[in-house]
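Asks: Protein sequences appear in the order of chains G and R. Sequence positions in the first sequence follow my numbering and run 1 to 152. Sequence positions in the second sequence follow my numbering and run 1 to 102.
Treat the hints as calculated values from the structure; they're not laboratory data. Wrong hints could be hidden among the right ones.
Cut-off 20 Å, straight-line C-alpha distance, at most; resulting in silico cross-link-like pairs (DMTMM-like, lysine to aspartate or glutamate) [unchecked claim]:
#, chain 1, residue 1, chain 2, residue 2
1, R, K57, G, E151
2, R, K57, G, D133
3, G, K137, R, E44
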Amino acid sequence: MTVVNNCTLPDDLYFSVEDNVWMRDLGNGTVELGMTDVAQTMAGSIIHCRPKKAGSSAKKGKSIATVESGKWVGPVKAPFDGEIVERNEEVEKDAKIINRSPYKNGWIVRMKPADPNVLASMKKGAEAAEGFDAYMKANGVQGCIHCEGYEE
Amino acid sequence: MLTVRIFTHPACAGCGPVVKGAWELQEAAKGELAFHLETVTLAEKDGLSEAFARGIKTIPTVVFLDGDKEIDRIVGAPEPGELRKRLTIAASAAEQGSENLT
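Pulled out of the complex, with its shape left as it was, chain G reads as follows (with noise of 0.2 Å):
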């Protein structure tokens, strides 16, 4: 686990900086994605997502999910042009799942990438750490504090 002002990044993870996005690869041939430790601490206490539908496409820079939260909505960007394969019905019900496991439970979509290599691109560990710590900077945040039992 990589910790950059104790915001985690877990190492089998890419990250999109620019899109606060992470990565999963699922390996067979889907990825999964979802909001960053940065990200949910940004948004503070989200109150409703909405991932966008299975079958949708997604075009790198554009919403895949609105998000709201008590200070802010706005959208979950794609880092990547695809296709929507599944959206986590479970963070509609209770968005609040993405504060506490951002990294787990609370994913968002699963995309199909137009590029199947396209992940070789994205940030991993130390060289995303070095990237979120410039944004957080660059953003004004000091750092991520987790409620109890947060799931890393």
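Starting from the structure of chain G, add chain R where the hints point.
Replies: For chain R alone, coordinates are given in the frame of chain G:
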């Protein structure tokens, strides 16, 4: 006098019961256990800044203070018995600190 600061956030399910427990303890122990009780919400910028300044990484966190001096802290939600025990020890330490000053 001892000051108890509880660091919380509206998204933290475990925080509310700790605040409630501390308020109840304060009411029940009036006269025998004197302390100021304050909540610090991390939903506000000042609260967040204080939490970082104190090195708090998990909420709820209960910080026991004698003036500016930290006597003890509990990270996570304590059982009511544990909260009372630690409060009693911290209040006694704060009282002794005050006596030493006079």
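Asks: Each of the hints needs a verdict: does it hold here or not?
Replies: Structure-based check of all given hints:
no. : hint             : result
1   : K57(R) - E151(G) : holds, 14 Å
2   : K57(R) - D133(G) : holds, 17 Å
3   : K137(G) - E44(R) : holds, 18 Å
Hint compliance for this structure: every hint is met.
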